[in-house]
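Visitor: Protein sequence lines correspond, in order, to chains A and B.
With the first letter of the first sequence counted as 1, position 204 gets the number 204 in UniProt numbering; the numbers rise by one all the way through.
With the first letter of the second sequence counted as 1, position 285 gets the number 285 in UniProt numbering; the numbers rise by one all the way through.
Read the hints as simulated data drawn from the structure, not as lab findings.
Cβ coordinates follow ideal geometry from the N, Cα and C atoms, glycine included.
Some hints could be false.
[What the hints assert, rightly or not] Calculated pairs, SDA-like style, for lysine to any residue (alpha carbon to alpha carbon, straight line, at most 20 Å):
| # | chain 1 | residue 1 | chain 2 | residue 2 |
| --- | --- | --- | --- | --- |
| 1 | B | K130 | A | T249 |
| 2 | B | K100 | A | W62 |
| 3 | A | K119 | B | F227 |
| 4 | A | K119 | B | D291 |
| 5 | B | K125 | A | V39 |
| 6 | A | K236 | B | D154 |
| 7 | B | K125 | A | K122 |
| 8 | A | K122 | B | D154 |
| 9 | B | K216 | B | A243 |
| 10 | B | K125 | A | E247 |
| 11 | B | K125 | A | R178 |
| 12 | A | K119 | B | C206 |
| 13 | B | K130 | A | F85 |
| 14 | A | K122 | B | K100 |
| 15 | B | K232 | B | P245 |
| 16 | A | K208 | A | K236 |
| 17 | B | K100 | A | Q275 |
| 18 | B | K216 | B | C206 |
| 19 | A | K122 | B | K130 |
| 20 | A | K201 | B | L285 |
| 21 | A | K122 | B | K232 |
| 22 | A | K201 | B | V166 |
| 23 | A | K122 | B | R15 |
| 24 | A | K122 | B | P245 |
| 25 | B | K100 | A | A14 |
| 26 | B | K130 | B | K100 |
[Said to hold, decoys possible] Partner residues aside, some chain B positions facing chain A, computed with beta carbon under 7 Å:
| # | residue |
| --- | --- |
| 27 | E13 |
| 28 | F20 |
| 29 | P35 |
| 30 | V39 |
| 31 | F40 |
| 32 | G41 |
| 33 | N53 |
| 34 | A118 |
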Amino acid sequence: MREARRIKGMAIRAVTTVILLLPGIFVCIPILLLVTGSVMGSNELKDYLSPVLPNGTGFISWKIIPDYPTFSNYAKLLFFTPQFFVLFWNSMKLVTLILAGQLLVGVPAAWAFAVYRIKGSKMLFALYIVLMLLPFQVTMLSSYLVMNSFSLLDTHMAVILPAVFNTFPIFLTYGGFRTIPIELLEAARMDGAREEYIFWKIGLPLGKGGMLSAMVLGFLEYWNMMEQPMAFLEDKSLWPLSLYLPEITWDQAGYAFFASLLMLLPSVFVFMTGQDYLEQGIIYSGLKA
Amino acid sequence: MKEYRTYKRAVRERRAFLRFLVFSLSGVLLFVILPFFDVFGRSFTTAVTGQFNGIENYKTIFGNRAFLLAVKNTLRFTGVCIPLLTIIGLLIAVPLSRLKEAGVVKSLYLFPLAMPTAAVVIVWKLFFYKQGFLNLYLSRLGEWTGLWGEVHTDYIGGGAAFWVLVFSYIWKNTGYTVILWLAGLLGIPNALLEAAEVDGANGLQCFIHIVLPNLKGSLYTIVILSFLNSFKIYREAYLVAGAYPAQDIYLLQHLLGNWFVNMEFDKMAAAAVCVGGFLFLVIMLLQYFWDKKE
């Protein structure tokens, strides 16, 4: 009897695991397509993809293992397309500067909201939340006018500056700081520690999780950024990678697959290394203000 | 003496608060709030000459068919997506919370968050073009069951594009929602559930009377963040179908983007004020209810 129940329990667990994993695998199919597509020669790809091109007939087809695997796309992109690297480094530069700026500006601000309860601070925080929820297009015109008056249009600064003052990372970092027990801060104050010292010695080490999660989510977001550079950067040599990929046409499909794969890599790397913080950050974003 | 000390303390706190906040606040004022007031002012003037023309711009946009269409589509999208995402997330999170080894599953669901839109869109095109994978497999299924013939729906140019966007949104955000639900589920004290079981409640009763009421806090967060993420679907829509997509997926972001390109700043200002004001109200309402719950 007990044995039967144990087996039944195991079976149920196994089935739920499988059912839960299924959509997960479905999630990874795009990666598989990109990987196989990137090692296909242009003739083979043309055979498979011709139906989706204009005037094509029949249906698309695909092979998980290409008939004639080739690294020609890799060679073409890595050795013969210097433009790609310019845009890759543009993306890197934008993301790095935005995240650095957000840390410098946002972490102290999050600390201010998390630790000090003064009159009006709650209202101000609510305003920050509203600002974080406004879509880019609503503030696009105002950002444009500001950048225009500072003559920053068509420079990377036009994309970086508004992003640095985005309030979403503050919201996440705030969640991390809120988990620090107030008694600890009180004790430090009793011992005569200055507020900056408390922030530096207690806040930063203990609130690290919130900051890192903001950085991980921020990287995924700004690596993927499109609206801002599209609106504020006319010079294509300043563009990030996210705007360049869609410009590759279908007759260079294999090249596009490999370029997409390269764009994916930094994101995946950050995701893998920062997954615990990412999860933590998502949970922090659920904490009550 | 004591009063003096609390007074001194309050001053000290206020000063520290301002010191820590000063950079952020001045940046936000300079780059977001003051410019928005400027736009508010502009929404009452003409685009070219800058003359005051009252509420003429607002009248124009509310008589503008593109604006009304975009508002309708955006509302429809959020109205469909947010409940759908919330429910799907909960359906996955509940069994997941009972699993010991949930790590791998969680990573799999979160993974789409790490996939840049530009890289995903190329795959979406392969799936949803008229002669793409979806129609291929649907046709094969039809042949196999003998119920229908070849399928040639255009999922990007027609009304189905809306559902492609919905799918894309769910695909990307399910992981996020599952994590939030899981955090809520794990926060429910076990003692509460055990007590109910001792009292003879079955699984479903436990779920309805104990688990669900305890998840209200999570629900508010999930709704707010789903809302935030629903605006980002514009990227997919834009990359798959361009600046002038099928009628059903012409979103407010498309419209504002197009007005921006055409320098129709008067209409844009009025629309930005309307949309911003509307969002402000919605979020304040949500916050109000959120606060009242606690």
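Visitor: Run every hint past the structure and note whether it holds.
Guide: Do the hints match the structure? See the list:
Of the pairs offered as hints, the one joining K130 (chain B) and T249 (chain A) holds, with about 18 Å between alpha carbons and a cut-off of 20 Å not exceeded. Our distance criterion of 20 Å between C-alpha atoms is broken by K100 (chain B) and W62 (chain A), whose separation comes to about 37 Å. For the proposed pair K119 (chain A) and F227 (chain B), the alpha carbon gap of about 29 Å is over 20 Å, so the pair is violated. Restraint check for K119 (chain A) and D291 (chain B): the C-alpha separation of about 17 Å stays at or below 20 Å, so the hint holds.
For the hint pairing K125 (chain B) with V39 (chain A), the CA-to-CA distance comes to about 19 Å; that is within 20 Å, so the pair holds. Proximity of K236 (chain A) to D154 (chain B) is assessed by CA-CA distance (about 32 Å); at most 20 Å being required, the pair is judged violated. Restraint check for K125 (chain B) and K122 (chain A): the C-alpha separation of about 46 Å exceeds 20 Å, so the hint is violated. At roughly 50 Å between alpha-carbon atoms, K122 (chain A) and D154 (chain B) are farther apart than 20 Å, so this suggested pair is violated.
A hinted pair counts as satisfied when its Cα atoms are at most 20 Å apart, and K216 (chain B) with A243 (chain B) does not qualify at roughly 39 Å. Only pairs whose Cα atoms come within 20 Å are accepted, and K125 (chain B) paired with E247 (chain A) is accepted, the gap being roughly 14 Å. Between K125 (chain B) and R178 (chain A), the direct Cα distance comes to roughly 44 Å. Violation of the 20 Å bound is thereby established for this hinted pair. With a CA separation close to 42 Å, the supplied pair K119 (chain A) and C206 (chain B) exceeds the 20 Å bound.
Using a Cα cut-off of 20 Å, the hinted pair K130 (chain B) and F85 (chain A) is violated, with the two alpha carbons roughly 34 Å apart. For the suggested pair K122 (chain A) and K100 (chain B), the alpha carbons sit about 39 Å apart, so the restraint of at most 20 Å is broken. Taking the CA atoms of K232 (chain B) and P245 (chain B), the gap is about 16 Å. The hint holds against a cut of 20 Å. For the suggested pair K208 (chain A) and K236 (chain A), the alpha carbons sit about 37 Å apart, so the restraint of at most 20 Å is broken.
At roughly 18 Å between alpha-carbon atoms, K100 (chain B) and Q275 (chain A) fall within 20 Å of each other, so this suggested pair holds. Taking the CA atoms of K216 (chain B) and C206 (chain B), the gap is near 15 Å; set against the 20 Å cutoff, the hint holds. Using a Cα cut-off of 20 Å, the hinted pair K122 (chain A) and K130 (chain B) is violated, with the two alpha carbons roughly 52 Å apart. Restraint check for K201 (chain A) and L285 (chain B): the C-alpha separation of about 38 Å exceeds 20 Å, so the hint is violated.
With a C-alpha separation of about 28 Å, the suggested pair K122 (chain A) and K232 (chain B) falls outside the 20 Å cut-off, and the hint is violated. Proposed proximity of K201 (chain A) and V166 (chain B) is contradicted: the alpha carbons are some 46 Å apart, above 20 Å. Taken as a hint, the K122 (chain A) and R15 (chain B) pair is honoured in the structure, with Cα atoms around 16 Å apart against an allowance of 20 Å. For the hint linking K122 (chain A) to P245 (chain B), the alpha-carbon distance of about 42 Å lies beyond 20 Å, and the restraint is violated.
Taken as a hint, the K100 (chain B) and A14 (chain A) pair is honoured in the structure, with Cα atoms around 11 Å apart against an allowance of 20 Å. This hinted pair does not check out: K130 (chain B) and K100 (chain B) have alpha carbons roughly 43 Å apart, beyond 20 Å. Annotation: interface hint on E13 (chain B) holds; nearest CB of chain A at approximately 5 Å, less than 7 Å. The beta carbon of F20 (chain B) is positioned within 7 Å of a beta carbon in chain A (closest approach about 4 Å), and the interface hint is therefore held.
Interface restraint check: P35 (chain B) against chain A, minimum CB-CB distance 3 Å, threshold 7 Å, status holds. Residue-level restraint check for V39 (chain B) holds (minimum Cβ-Cβ distance to chain A is 5 Å; threshold 7 Å). About 9 Å separates the beta-carbon of F40 (chain B) from the nearest beta-carbon of chain A, more than 7 Å, and the hint is not met. At a threshold of 7 Å, the smallest CB-CB gap from G41 (chain B) to chain A is about 11 Å, leaving the interface hint violated.
For the restraint placing N53 (chain B) at the interface with chain A, the shortest Cβ-Cβ distance is roughly 17 Å, beyond the 7 Å limit, so the hint is violated. About 4 Å separates the beta-carbon of A118 (chain B) from the nearest beta-carbon of chain A, less than 7 Å, and the hint is met.
Checked against the numbered hints listed earlier, the structure breaks hints 2, 3, 6, 7, 8, 9, 11, 12, 13, 14, 16, 19, 20, 21, 22, 24, 26, 31, 32, 33; every other hint is satisfied.
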